[in-house]
Every structure is written in structure tokens, then in C-alpha cells.
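Colleague: Here the protein sequences line up with chains A and B, keeping their order.
Per the numbering used here, residue 1 is the first one in the first sequence, and the count goes up by one each step.
Per the numbering used here, residue 1 is the first one in the second sequence, and the count goes up by one each step.
Check before you lean on any hint, since a few could be wrong.
Said to hold, decoys possible - Which stretches of chain A does chain B cover? Using the computed rule of at least three CB atoms under 8 Å from a CB of chain B, they are:
1. 11 to 21
2. 57 to 65
3. 233 to 243
What the hints assert, rightly or not - Negatives, chain A to chain B, calculated, CB over 10 Å:
4. T80
5. M85
6. T86
7. F167
8. R186
By construction, these hints were calculated from the structure, which means they are not laboratory data.
Cβ coordinates follow ideal geometry from the N, Cα and C atoms, glycine included.
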Amino acid sequence: MSARRTLATAGRVLAQVRHDPRTIGLLIVVPCVLIGLMAWVFSGTPTFDRYGALILALFPFIIMFIVTSVVMLRERQGGTLERLMTTPLGRGDLLAGYALAFGALAIVQAVIATAFAVWVCGLDVAGDVWLLVVIAVLDALLGVTLGLLGSAFASTELQAVQFMPAFVLPQLFLCGLFVERDQLPRGLKQLSDVLPLSYAIDAMRTVSTQADAASEVWGSLGVVTGFVIGAVLLAALTLRRRTT
Amino acid sequence: MTIAAAPEAVVLEDVSVTRGHRLALDRVSVAIPSGAVVGLLGPSGSGKTTMMRAIVGVQAHVSGTIRVLGRPAGTPALRHEVAYLTQATSVYRDLSVEENLRYFAGLLGLDRRAVSVAIEGVLHTVGLADRGADLTGRLSGGQLSRVSLAAALLGDPRLIILDEPTVGLDPVLREDLWQTFADLARSGVSLLVSSHVMNEAARCRQLLLLRDGRILATGSPGELLERTGAPDLDAAFLAMIGEAEAAVAA
Chain A
1 MSARRTLATA GRVLAQVRHD PRTIGLLIVV PCVLIGLMAW VFSGTPTFDR
51 YGALILALFP FIIMFIVTSV VMLRERQGGT LERLMTTPLG RGDLLAGYAL
101 AFGALAIVQA VIATAFAVWV CGLDVAGDVW LLVVIAVLDA LLGVTLGLLG
151 SAFASTELQA VQFMPAFVLP QLFLCGLFVE RDQLPRGLKQ LSDVLPLSYA
201 IDAMRTVSTQ ADAASEVWGS LGVVTGFVIG AVLLAALTLR RRTT
Chain B
1 MTIAAAPEAV VLEDVSVTRG HRLALDRVSV AIPSGAVVGL LGPSGSGKTT
51 MMRAIVGVQA HVSGTIRVLG RPAGTPALRH EVAYLTQATS VYRDLSVEEN
101 LRYFAGLLGL DRRAVSVAIE GVLHTVGLAD RGADLTGRLS GGQLSRVSLA
151 AALLGDPRLI ILDEPTVGLD PVLREDLWQT FADLARSGVS LLVSSHVMNE
201 AARCRQLLLL RDGRILATGS PGELLERTGA PDLDAAFLAM IGEAEAAVAA
């Protein structure tokens, strides 16, 4: 691995995004609009306070998953990946560069979305607000790395986009958002124990309901980090220098 | 200086490549001299791209041995010394021309000052000196392939593999580029250039004629004309195909 080549790749990905201001706008504005809409729909009920933080964990995950899988697929199909594989760039450099670039975007997205939820929409959080941002960024990284991995199994952009419901929706049903994970049927509870989003949602719930959340969430965040690293390693295995 | 004294840039020995159930290259043995422009010719589907990819080390299912600049093909150290221009224009359309080149130069490890000089140099070579700030995706097809070529020229590679570099270019630019290839060869760089345009073949020191994954003939343009008695390389190629088919039929 080379720090220089990793940074060059991250810089290149960010430059690509910079040339596409509408994508930046969508990354920043869409989560805020959705959070605002949710706050408005549930105004006068405790629902927004109960679920707002959980939604804050979901958006970065879903959006970054879609964006990275499409960008990475373009790299595979446009011939640039083949060219990169003939240069000194390592597979790890490429993946780390992507994670770094989208991680930076995720920080901006998470800070703005969280600030909007807490200070504009009045989301009530028992724990520290900065923890919401940390969890949201980690969830975004989870989306990035799963997107990088998922793109290996898609041969068209149409397939890549459909991996979103395939990878994400089952996790959404099982993560404890609709039914508490303890109340899930036995087999499903066990399944939810091995899915990363469950731990992200657990962490968000802890922060939104407990004042001394910081000491409690590290376990869940550790599990999510483990999934992030695992997904990067698997993605590196799917990137081949030699192709047919 | 004699040609025979120069060590070979690339040596293929008994190289076969399977793609699916098909043999894309069939026991190819050939040597590519260094410091020369070598033309790889053949109809589409004859295995030109597969052979180039095998030399660069990105082709899977290769048997036999390939030595590139004295090392086995695909050795990591070669990634600093071998440049490869893919047939598709493999540059980022959503970056400016200069941003593209800056990225590829960065991957080769050029330092900041060297990068600016190198970018200016390769842009001049491909005739895009004033287009550095343009968004790559807005360029015409011919300009796009020149950006891709410029990226392959970065970092002073010792071996340059170019897959159909002149497709879609106008005659003047084509002429300029072949002049550039000749200049590079004179400075010691080895070039392997694929083409299916026979009149470009006359510009090469040596030709490799590929058909159905096999080497049909090798030699200088003059030798091939002499051997077949044909008036031009097009006719020479057709004559050799005819010979090969007659041999198979007999």
C-alpha cells in the first residue's frame, strides 16, 4: 500500500464529484428534506424523537451504497480499471482511496443532516449529538465498502442499482427499526445478529435514549467497523489484475 | 549498430491464451526487438488485444512464458516501465484533461514539479497543448483518444504498448504520431503498436501478422513484400492468408 497513491486516488474521486455539482447538492439536500418531511408528518407525536435518529443512520448508508456501487462499476466498465491495473497502483490503494473520498463526503453529509435534525427540526437526543455524527459517518463507510464489494457482482448499472434493495432492504426489515430485534421470530433474530445495520441502529437507539451513551455504543460501533474492514478485504479479493 | 545486437524487449515462448472454450492465442512464439516500432497486424478478432494484454500482465489464463524487459510478464516492477494504451479510451470523462494526466502521473510517482513538465510535454506531443483545462468528456472522439495516448506517454516508459492508437484520427495527426513513435524508438524506447490499417505498417521496423491467434508471418515490411512478390502490404497479407489456407487444405 502507498499513502501517496491512495491520496492521489481519493483526490481524483473528489475531483470527479466536484465536476458534478448536482450530485453534491443531492448528497447534502436530500437527507435534510427527508428528515424535515418526517418531522412535519409526525409533528405533535413522539414518533420523530423515537425514530429520527435511526433514520439519520440509514440515509448515509443507503445513499453511499448506491453512489459507490455505480461509480465503481463505471470504473470497471469504462476501461479505466484495466488501465489502473497496469500502473503501480495497488488494489488496496484504490479501495482505500475510494473509502477516503466518500468518507470525507459522508462527514459533510452527516454533520449537515444531524445539525438540521437537531437544531432545525428539534430532534430530542438524550446522549451526545456528536455521537450521532460519528455513527452516521461509520454507517456511510459501511455503505461505501459494501457498495465497492457489491459492484463486483454487477455487470450493468441496472443490476448495480437493484443491489440496493437486495443488500439493504432485508437489513432494514431486520435491524430493529420496525420490530424490536428481541421480538423477532427466532431464526430472524439470529439472522439480524449477523447483519451490520442491526448494530448501527442499536448504537443510534442507545444515543437517542441514554444520556451516558458514549460508553455503551463502542461495542456496537466496533462490530460495524469490523464489517467495514471485512467488506474492504472481500472487495480487494474481487478486484483482479488479470481478467479474462 | 546491428539490429541483432539489441536485446529483445519482449519474448513470447509457446504462449497460449484460452478465453472461455476458445483459444485466443495458439502457441505463439515471437521476439519483439527493443528500440524499434513493431507493428502487430491482423483482422479484428485475430488476438491482437489478447496478446498485448498478456504482455502487460492483465490477461488471465495465459500458458507458456513471456519475458518483458528481462522479467516475467506481470512482475510489479514492470508497472513503472511498461505503458499500455487500451483500445477503449480509458480516461475519466468527468475530469479535465490535466486532472486526468495529473492522476496518472501521480500513480507513477512523479514529483510535483516533474508532473507539470511531463504533462506539458505529452500534451504537446499529442497536439492538445491548449486543451489542458477542458473537460475530457466534452472533447471529440479523436481528441479523447489522444488524451488516453498522452496518459500512456507519461513517466518515460521503456516499453509502450499501443492498441490501435490512430483509430479515428485525421491523416495529418496520424502522420505526426507515427513520427513521434519513430522519435521515441530512436531514443531507445520499444513500441508495440497494433493496427489494422496496412499503410501504417510500412512505418514499422518489424511486423507481426496475426490471424486466428497464430503468427502468420514476421519480418520487415520490405521482407514481406519480397517474400510474396506482392505490390503492397495489403496484397502481401492476403497472399500469406491464401498460402496458409492452401497449406491447411492440403
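Colleague: Which of the listed hints are broken here?
Modeller: The structure breaks hints 2, 4, 5 and 6; every other hint is satisfied.
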